[in-house]
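Trainee: Each chain is listed here by its residues.
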Amino acid sequence: MKSTLALTAAAALLATTALAEDTRQLDAHEHGTGALDIAIDGTTVAMELRVPGADIVGFEHAAESDEDRAAIAEALTTLSTPTDLFGLSDAAGCTVEAATADLETEGAEDHDHDHGDHTEEHGHDDHGHDDHGHEDHAEEAEGATHSEFHAEYTHDCTAPEELGTITFAYFDLFEGAQELEVQVVTGDGAQAFEVTRDAPTLDLGGLF
Amino acid sequence: MILRLALASLAARALTVAMTTLAIALSVALFLGVEKVRTGAKASFADTISGTDLIVGARSGSVQLLLYSVFRIGNATNNVTWESYLDIAARPEVEWIVPISLGDSHRQFRVMGTTEAFFERYRYRQGRSLEMAEGEGLGDLFDAVVGAEVAATLGYSVDDPIVVSHGLASFTDHDDHPFRIAGVLERTGTPVDRTVIVSLEAIEAIHVDWRGGAQIPGRSTPAETLRGMDLTPGAVTAALVGVESPLQTFALQRAINEYPEEPLLAVLPGVALQELWAIVGVAETALLGVSAMVVVTALIGMMATLFSSLNERRREMAIFRAMGARPLTILALLVLEAMLTAALGAGLGLGLLYAGLLVAQPLVDAAFGLWLPIEPPALRELWVLLAVVAAGAIVSLLPAIRAYKLSLADGMMVRT
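If you read the sequences in order, they're chains A and B. Read in order, the letters of the first sequence correspond to residues 8 to 215 in our numbering. Read in order, the letters of the second sequence correspond to residues 26 to 441 in our numbering.
One thing to keep in mind: the hints can contain errors.
Unchecked claim - Partner residues aside, some chain B positions facing chain A, computed with beta carbon under 7 angstroms:
id, residue
1, SER270
2, PRO271
3, LEU272
4, THR274
5, PHE275
6, LEU293
7, GLY295
8, VAL296
9, GLN299
Just so you know, the hints here were simulated from the structure itself, not pulled from any lab data. Built from N, CA and C at the ideal position, the CB exists for glycine as well.
Starting from the given sequences, assemble the full structure and let the hints guide the process.
Mentor: Here it is, written out as structure tokens:
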């Protein structure tokens, strides 16, 4: 068991699922509020965004219609383009090194894997957090399901200390998003900020 | 010219002016004092821990975990099992990890079990590390290192024996296994000053003969036997963690928070401090508000005395006017007098503050572990003083305008 844990996050999730009988825990989930973690080390600026599905696409149930699927696909595309979401100051000289986005479903997942009765070629081996397969269980999963968009960005900045103020076009792109709880970690420590729809800027000036 | 007049006029009413000045001085000293305590407390809290990326403990609240692990305020809801501790320690993101085991006490001070790494890794006040004032670190199983305040309060020095009590407010001592003070730490201004530090194994060792919170009667394992035993602890209270790179902080935090075998919590000390401050902040704003109101009250008091003095000074004003002083001069005279009074009060208040600080500094430090630095007034404080003088001028405008309007007619007319 322990060795499994040392593996990647996906593997850990898999392990949780396998233990579904004796481990019951769920993350907190608040609609309207997402979390943005920013870590700065040297010239690397890593960002990790976790937002409830309701904030991004307006629903959290498994995609049922083609519109649902289209909305999710579009959201994932938008979330994969950090330059559209967050305005980093030019002085910092940041370039995007990597950007990924996916959709994680919590609560319904236990059902899926336990029953294991959904068919298909793309079923078990990747234990995906995507939208696949869930429609089979839409009825039983509904109500218990929460989904969360999860995106990771890595920037390489020539002068991260020049980051100054970050602007959040994010709020213009996603109508349901009201607030982002931001945590910033540098070599000197951690600090928390709150960025809201009404005040969509983050001032990092005090950090450096 | 007006200045000389104003000064002379103030001197002529020395007693009233002195009272008004005193009221303003006290209120200013109170306001600055509250501000000083507020910033001092904030700085002292923020300076307590630095260099630690995550604090790990049983799942509770981030503020609670911070309070009991770093500030020794309150108690842990649960312990962290040694297996979980080892699991976390083995993760690739972890650069260093320092276990902390709390629960026993010595007199009014907490005893903390930890490892040698604590002395290397613990940082306070922007990265300062712990220094020994005398003696050295933990060598033997029954060695203890005490904080500066423990040594000062109880008069301890190196090689003195020290007996640890079981629990926090208890009369049962671990007197079969006295410790030896191996070192005394330099004063840090942090809760470490009020802590007795022993090794993690020693905490286990003194509890070998204990079952269910009490010593097994008649049983006391000799120290030599204990030294030969396997003293791996079953649990620790919390752990301080340093990560390899800030980039891994969040991943490690999430992994610990989602650790399936045991409900654990990892917090970022800086963020937890901010949360704590958001809670305390309401009270401090209220305190600051109250002391600001006291300053306003003192200034209104000054306005009242100015109004009543106008009556006494009817003739004086009239004579000035008759001698050719323009109404504006009268206005300026009164405003200047008020400003001088306020300035005198503000200056005296600053003096009172420093006198108070000199007296209170050691007392506050001893009672609350709060070090209030005595430094020249900051820009912010000078602005406060300036604001008091300006506010003095503003409140005096009302009586001054009245005098400006009435000075001639009022004083010349004979009233019956």
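Trainee: Would you mind marking each hint as holding or not holding in the structure?
Mentor: Status of each hint after checking the structure:
1. SER270: For SER270(B), the interface hint holds, since the closest Cβ of chain A sits about 5 angstroms away, which is under 7 angstroms.
2. PRO271: holds, 4 angstroms
3. LEU272: Cβ of LEU272(B) sits 5 angstroms from chain A, so the hint holds.
4. THR274: Holds, about 5 angstroms.
5. PHE275: holds, 4 angstroms
6. LEU293: With Cβ-Cβ at 4 angstroms, under 7 angstroms, it holds.
7. GLY295: holds, 4 angstroms
8. VAL296: This interface hint holds because 4 angstroms falls under the 7 angstroms limit.
9. GLN299: With Cβ-Cβ at 5 angstroms, under 7 angstroms, it holds.
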